[in-house]
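Chains as they are written, first to last, in UniProt numbering: chain A, 1 to 396; chain B, 1 to 396; chain C, 1 to 396; chain D, 1 to 396.
Note that these hints are calculated values from the structure, not bench results. Given the structure is predicted, the values throughout are model-derived calculations rather than measurements. Even glycine gets a Cβ: it sits at the ideal position worked out from N, Cα and C. A couple of the hints might just be wrong.
Chain D stretches covered by chain C per the calculated footprint, using a threshold of three residues with CB under 8 Å from any CB of chain C [unchecked claim]:
| # | stretch |
| --- | --- |
| 1 | 30-42 |
| 2 | 178-190 |
| 3 | 342-356 |
SDA-like mimics (lysine to any residue), calculated; alpha carbons at most 25 Å apart, straight line [claimed, not checked]:
| # | chain 1 | residue 1 | chain 2 | residue 2 |
| --- | --- | --- | --- | --- |
| 4 | A | 230 | D | 322 |
| 5 | B | 230 | C | 26 |
| 6 | B | 123 | B | 212 |
| 7 | D | 238 | A | 100 |
| 8 | C | 40 | B | 330 |
| 9 | D | 238 | A | 322 |
| 10 | C | 238 | C | 26 |
| 11 | A | 40 | D | 322 |
| 12 | A | 238 | D | 319 |
Spelled out, the chains give:
Protein chains: 4
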Amino acid sequence: MSMQNPVFIPGPTNIPDSVRKACDMGTLDHRSPAFARLFKPAVEGVRRVLKMDEGEVILIPSTGTGGWEAAVTNTLSPGDTVLAARFGMFSHRWIDLCQRHKLDVEIIETPWGEGAPLAAIEKALRADKGHHIKAVLATHNETATGVKSDIAGIRAAMDAAGHPAMLFVDGVSSIASMPFDFAGWGVDIAVAGSQKGFMLPAGLAILGVSPKAIAAMETARLPRTFFDFKDMLASYAKGGYPYTPAVGLIAGLAHAIDLLESEGLDNVYARHHRLAEGVRRAVFAWGMAPFAASPDLYSDTVTAVKVPPGCDGTALVQLAASKYGMAFGVGLGEVAGKVFRIGHLGMLTEAMVLSGLAVAEMCMADLGWPVTLGSGVAAAQEYYRGTIEAVALAAE
Amino acid sequence: MSMQNPVFIPGPTNIPDSVRKACDMGTLDHRSPAFARLFKPAVEGVRRVLKMDEGEVILIPSTGTGGWEAAVTNTLSPGDTVLAARFGMFSHRWIDLCQRHKLDVEIIETPWGEGAPLAAIEKALRADKGHHIKAVLATHNETATGVKSDIAGIRAAMDAAGHPAMLFVDGVSSIASMPFDFAGWGVDIAVAGSQKGFMLPAGLAILGVSPKAIAAMETARLPRTFFDFKDMLASYAKGGYPYTPAVGLIAGLAHAIDLLESEGLDNVYARHHRLAEGVRRAVFAWGMAPFAASPDLYSDTVTAVKVPPGCDGTALVQLAASKYGMAFGVGLGEVAGKVFRIGHLGMLTEAMVLSGLAVAEMCMADLGWPVTLGSGVAAAQEYYRGTIEAVALAAE
Amino acid sequence: MSMQNPVFIPGPTNIPDSVRKACDMGTLDHRSPAFARLFKPAVEGVRRVLKMDEGEVILIPSTGTGGWEAAVTNTLSPGDTVLAARFGMFSHRWIDLCQRHKLDVEIIETPWGEGAPLAAIEKALRADKGHHIKAVLATHNETATGVKSDIAGIRAAMDAAGHPAMLFVDGVSSIASMPFDFAGWGVDIAVAGSQKGFMLPAGLAILGVSPKAIAAMETARLPRTFFDFKDMLASYAKGGYPYTPAVGLIAGLAHAIDLLESEGLDNVYARHHRLAEGVRRAVFAWGMAPFAASPDLYSDTVTAVKVPPGCDGTALVQLAASKYGMAFGVGLGEVAGKVFRIGHLGMLTEAMVLSGLAVAEMCMADLGWPVTLGSGVAAAQEYYRGTIEAVALAAE
Amino acid sequence: MSMQNPVFIPGPTNIPDSVRKACDMGTLDHRSPAFARLFKPAVEGVRRVLKMDEGEVILIPSTGTGGWEAAVTNTLSPGDTVLAARFGMFSHRWIDLCQRHKLDVEIIETPWGEGAPLAAIEKALRADKGHHIKAVLATHNETATGVKSDIAGIRAAMDAAGHPAMLFVDGVSSIASMPFDFAGWGVDIAVAGSQKGFMLPAGLAILGVSPKAIAAMETARLPRTFFDFKDMLASYAKGGYPYTPAVGLIAGLAHAIDLLESEGLDNVYARHHRLAEGVRRAVFAWGMAPFAASPDLYSDTVTAVKVPPGCDGTALVQLAASKYGMAFGVGLGEVAGKVFRIGHLGMLTEAMVLSGLAVAEMCMADLGWPVTLGSGVAAAQEYYRGTIEAVALAAE
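Here chain A stands alone, though its shape is the one from the complex (with noise of 0.2 Å):
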């Protein structure tokens, strides 16, 4: 029998049975009024979640990666520089998108493990005296490794170097579940999608535009037709849509986003950071650590467990799967093995945290990891039953 564990992949996460709901719809025809009706609260759902005052949203039948694209090419030319840096599997991959575009990226090389490197950031835009740099692309929460960057510390370096250089944010496994503030940060574009902190199917690129980015984009000329934000804008003031929009998506983002408003914004956050604290708790009552080198970069939307020596984390990940039915996430890139991933982001409660825990535990004893069952769980109990709010048992 197909058993329904949580999954612990950091995206996509666990659906709420609501959100599924509200996906599942029939046919509505996307040139009528209806679709509009249905359009807005979305769009002005995304533009709270992100803390915009100003600018668009943007919504496209895409991904995260169809998201970075979006970005890039509706505001930049071929040629244009870039500056990022690369610490994580998903850092290097919108580099490499930039550099298939034919942009010319500044890269700072950081080692995995860390943060975007706020000195090294400000250095470089201060040496870009020629202003050749256009946009400067942030991982703001490095899916691969566990780590947050610090977004407004990097708003803070640009506006020390006084660099007009637009601000690029990926917030693929950061928005919805930690804090976002697109209007006090200055950010110029935020990456999202739907399979993240809101908690639904994977098929929506979720994008918050500045009027700046906007504006880019009168004189960008890189090549775009699907991901064109004009046709986009242009459709959208009149109810409409450039082509055939995912109209059950677009509804499930706008019951998500009442799901996320009912429980607060700011409750979501403080959920996220409680399970994530308790997930790190039990790694330390392992003996282990996360793989992001100081608290103050720990996810809490993912947490990359480093493995202890001669350990495999890919074969965790294997085991639990065949095993226990349950999904982890491996490590990728030049941590594979190294590391194996606990995603805690979404529709997820203590008592799921808490069966995850338990199952890896289970794997690391039977791949004789040296751990005490039930150690990393009474760990992240303890933290729990100190921290939790009462929640109301679901009637849904």
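Dock chains B, C and D against the given chain A, drawing on the hints supplied.
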């Protein structure tokens, strides 16, 4: 947000996603041949789950209580004697139902925590020289105490006494989760409900009826219409139903049996036993014990946990619900407060059960009970990891 | 491929998508406060639909037949007299049920096609000087013949006769589709089912019960447990239920009533009348007529169409199903073959009804009946386009 | 209340219930073997529907527009020449996309209402002695005008000209509804979307790619990442996906193809033809005609109905939506107002189509157009009843 922890009440149980989908169907004309095509596999599937070699399966849009009522009203007449042991809330309720229907119930009062008293039953039957006892009622699994009874033993007692009474078995919380042998045990009526081992929503009483019980309906004078077997069987024979059937539940039943049989009924029973044994190991690790009087009585679908002196089981259940969003069962009747109940039947994985145990432990700690966090979890982990079969990741 | 034409049986009716979603829910602990939060709106909603000003609403996991049984077993004793007119299959079945439960039914045989005979009822009541008649049974809408009866008229007859009998009304195929006035008509028990005007799957008997009927349960000696009102009301008072409730159907009921009330009950009734009148215009355009004896008896939920001499209504129903995938109702009992029935209740639009009429016409042509293709459709179109209110495109 | 009439827009189409269920799935780890098990049947199914004998199937979380973009960016370089006829809004848009991507489009302007001009295409290819034309773009079914083009004829023209260009076919509104022969027609890239003949929600671009087109990606210099075939094929080979896939849509695609194949693809095409022909009979009975220039061009998936002089097709579409809750398609671009469009593809029955025709007639009468109510319905009825195959009642 409405979080979706598994429930650990002893029914209704967690519903697999595909069962929900099977139940959720558009309107079908129940007077068309399509209904018969849908009905037959459900009936045939129940026959296999019950291990019937003859007799009929009856499906009524009702519940286990309705199934009890159907059993007696179709086969008995006012003033008839039935023999029943009372050792828990559910055996009590069936007795009460019989009394309301003007049956003369010969009650063998048995301490809660024990099972059906074979010797006393045999003795009572032997004493009934005139064969006034028309039926023996047996509660296969007393949901209130977590006690299973030996139905084969009751049949042996009846045979030893040479008594012609019918044998009616309440299998509501056992059937489809624990081995059941309608033919082998000489059962005359077995009563099940949709919402336990069959993993469906409540709303369907499921009965297996022997030829002897069917014959009894010819002379039974207790009034019935909604529950009337004769109407049912006459309609079934024509591919119909005497009134509007619960089509979705019937479709879901057929699908649920497909799931059970694709896992293998023996594997389903083994899984229930394994999950239950893990729970019991946790209970002992907590320094507590199941309420069932002896290990041979331990139910594999529900464990009533005796709480330590001075502790209140109901408080634990309330705290688990209000603080952790998790549902356990309270003690009922004379064991109110003295136990709390962990249901471990239906769609459950080791990971889910561990989450339940972890939450129970947190509640105990919160309530000041003497327990070491993680202790029960560790005992269950150790047992599970040594006994679990590989399960494939749910592709569904 | 399984195509999804609307059904035109007189129940179960087409289920709105959002009602299906409301019914399709995960497992909820029915002993938790969450159940009470879900139950109360359903009960309160039924109270408004029935127009009750006092008394109780009872919801039983059962069907209309179960509702009939609950009505009589909770209020009457063996040998009690009830008065009922028989003028169709469903009035017959309730009478039969009473007889099986040892009630003495004074039957007023009435030609099928007519409604409840007010004068005869008044006469019978006046003749019952000793007030042996404890209840008058009335079938508000005889589903077999498409005839509505005048319940206010029956109440007037009872009052005129000064008779204290209770008034029990079968509103299974009228309630929520045609005006009903529990308080105004002095109804003592109204019986509805989930699968008609409430647009839910079958599986819920819905009853309104007056204080007088509740008082009657104190002395009623017909046996009942599953259907026992006293257990129900005692449990309801504590936010509970006497056994496992059909939680999904109860949630769906609350939602369906929300839908009905957001349309406006008067608008719902007006829509049913308009759809029905269009069907009747089509029937006359075909040169046929409703089976109901006179226009004041025309049901707004089902039309039994008298077929031309030499034609077989059942053949039409079978052909519609096998060739066109569309479900109509056959004639039952003494009108088998002489009529076919078009159900036009629940979630239906003008467009849907026109598709039903168009299919009926094709079947008639296929069977060689004298009909002009498009004639009935045109008559209904003409009526609908002159009377329809603007409906918003479904945004769901 | 939100009523659920079928839609008659030319896509997205009505979604079968079981397809909705197949799409609506819980979260699956797309890096686990479960994903490969789910992905392979979808890909293999598309291969059969397209009639591919070699090459690759590509599935992208996108739409038909994204499919167009993927086709050209993976195979062409800036400045490459493509040949395309423009005879409707959708052929126009693909041309526009090419131009935005810096391709040199040799456009054969063709009157709207006509199909791809074979002679002109052959002439253009013969004139291209230097083989600058790298690809011929062909719109198999022009959704704006209801015109199908002769793809086999284009292939013949290419062969006759001895031209090595690739053949790219937009089959968005034809594939899975009208015969398609990837191998037989020598197609190099076929573009389809999920939301038309495949009866899924929008959100998936579906492409068939020939070995020749795959080889072209080695030298193609148009930038792409999200749409990159090479990344896709490398990931597919390992049972993976280059980013997060739209798992539910992929599962739904496999299921939808199961439905199509269980009906039989030839039967699906025949059904579409039959439904379309009935619509056309209605159109002629109204005294109107399809916009397509000649019968050999009539599309079996959408009919653009030329409205009488002085009438406004857009007004009809708006009235149908606002008054009758039914969705038709407006005329686009140069035929705005001059036509209205009836989509008749995907999950549709004769009964549903008749409801659409009946509503169209009511709108015409409401708008004062010269039409006899029921006339088109009758013409379609006559045709359908003579040609329909028996369909089994939906048991789902």
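We went through each hint and held it up to the structure:
no. : hint            : result
1   : 30-42           : violated (count 0)
2   : 178-190         : violated (count 0)
3   : 342-356         : holds (count 9)
4   : 230(A) / 322(D) : violated, 30 Å
5   : 230(B) / 26(C)  : violated, 35 Å
6   : 123(B) / 212(B) : holds, 23 Å
7   : 238(D) / 100(A) : holds, 23 Å
8   : 40(C) / 330(B)  : holds, 23 Å
9   : 238(D) / 322(A) : holds, 18 Å
10  : 238(C) / 26(C)  : holds, 23 Å
11  : 40(A) / 322(D)  : holds, 20 Å
12  : 238(A) / 319(D) : holds, 19 Å
Hint compliance for this structure: hints 1, 2, 4 and 5 are not met, and every other hint is.
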